[in-house]
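Engineer: These are the residues of each chain, in order.
Protein chains: 2
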Amino acid sequence: MVNYMGVLEYDGSRYCGFQLQAEDVPTIQGEVEKALCKAEGRKVRVSYSGRTDRGVHALGQVISFRLKEEADLYRFKWSLNCILPDDIAVREIARVEDGFDARRSAKKRQYCYYVVNHNVQSVFLRKYSVLVTQGLDLEMMQEAASLFVGTKDFKAFSNESGAKGTVRQVYDLVIKKTGDNLLVFEIIADSFLYNMVRIIVGSLLELGRGQRDMESIEKALRSRDREQAGKAAPAKGLFLTKVFY
Amino acid sequence: MVNYMGVLEYDGSRYCGFQLQAEDVPTIQGEVEKALCKAEGRKVRVSYSGRTDRGVHALGQVISFRLKEEADLYRFKWSLNCILPDDIAVREIARVEDGFDARRSAKKRQYCYYVVNHNVQSVFLRKYSVLVTQGLDLEMMQEAASLFVGTKDFKAFSNESGAKGTVRQVYDLVIKKTGDNLLVFEIIADSFLYNMVRIIVGSLLELGRGQRDMESIEKALRSRDREQAGKAAPAKGLFLTKVFY
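Sequences listed follow chains A and B, in order. If you read the first sequence in numbering that gives the first Met the number 0, its first letter stands for residue 0, the second for the next number, and so on. If you read the second sequence in numbering that gives the first Met the number 0, its first letter stands for residue 0, the second for the next number, and so on.
Calculated from the structure, these hints are not laboratory results. Hints should not be assumed to be uniformly reliable.
Stated by the list, open to error - DSSO-like cross-link-like pairs, simulated, lysine-lysine; straight-line CA separation at most 27 Å:
hint	chain 1	residue 1	chain 2	residue 2
1	B	Lys241	A	Lys175
2	B	Lys151	A	Lys241
3	B	Lys241	A	Lys176
4	A	Lys126	B	Lys241
5	A	Lys107	A	Lys37
6	B	Lys126	A	Lys33
7	B	Lys176	A	Lys176
8	B	Lys176	A	Lys126
9	B	Lys42	B	Lys176
10	A	Lys126	B	Lys235
11	A	Lys241	B	Lys176
12	B	Lys230	B	Lys175
13	B	Lys175	A	Lys175
14	B	Lys126	A	Lys126
15	A	Lys230	A	Lys175
16	B	Lys230	A	Lys241
17	A	Lys175	B	Lys107
18	B	Lys175	A	Lys176
19	B	Lys33	B	Lys151
20	B	Lys126	A	Lys176
21	B	Lys151	A	Lys235
22	B	Lys235	A	Lys235
23	A	Lys126	B	Lys33
In this text the structure is predicted, and so the values were computed from the model without any measurement.
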């Protein structure tokens, strides 16, 4: 068996998330494994860097999988892209060492969240951003963003229900303004809890709108109580952009 | 009567062009006049800076229209955007002097054409760009682009059938590379002949791929013969981006 990695781009709008579910539920994993199976002529299972939720998009999701023989990479990628639906694409495929696993080998993940801060939603970004019509105090949001950087217990900022640990290391969280009215939240961590990025962004938006203050963010972080953090921002603004190995 | 101008953004994918046609044919003008009629309570006709073809998009189409009374601009824009379908938006509305007409008063128009030059089409740009998988000689294309600048007879580079003049003044045509593999053709002219941008872009792409040489472009321009120019590039890559008054 030969081990491969692939970089995927997808528009998550019409999928019930990345992870495989029952056969009649549309998922990214389902589509990708169906395409691999068709191209390889047998069942192929993929490993992936991180689950993305229903409606979340990706520019750089990473998968790994094994094939029986060495493939002509360019042709294999071409075949997969012909089989895959229009809203999923394989950007890259590469041969990797046997021990590589898209999930276990990943060191850091980067997500981006897009906010249009204007009185009219952009026709072209409407499926890929959330519209905020109120004025936002960007400077205060940027200051609060730094509170999330470090190794912390993010239990309050997640909908994680399992008994597993809720401490994560956030390496970076910045909010950039590009163009007249587009805000981009960029966050990098070792890994993320369930809904973590969306709840952090939602809380920062509440702060920026004046619906909460800086202290309430610090308090929420210390509390480990989901009730104290803000609402999760909508899935459609979120992109898994890069995975670091 | 009070005169207004509006700036429109639209995704042309599911419309049969800007210009009004029979009632059951979806057009941008049809949707915009329907929304204006609903908001104003009587029939409103719009003038527009330029027709865009079936499948062509806009970031800055300009319209003008008259209302019976002065409107609260912010609320009127908000109402229009609530009535309009998701793929059409009014970005701005402003009161203008009586003599202003979106078409007659326009001095220059800018269009942009997007080309993804890669072996995989982008999931997010697939409806807004054309994919070219072959290598392109960008430097030669840029050199050839300058041949189109000036006051010239563009008959060969149009599908204009009428008897009207085919001389136009192109102020600027540049090809920019942004990111790893996105090419943007930006062209500004006083006005454009039918399919003119798409035929110029199509011809430049043929040159970039090595399917024709520089001399054939010069010859085509001089010939006034449509057969000598290249194929029109697909509509979906084209955006009306700005109108100058």
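Engineer: Which of the listed hints are not met by the structure?
Structural biologist: 2, 5, 9, 16, 17, 19 and 21
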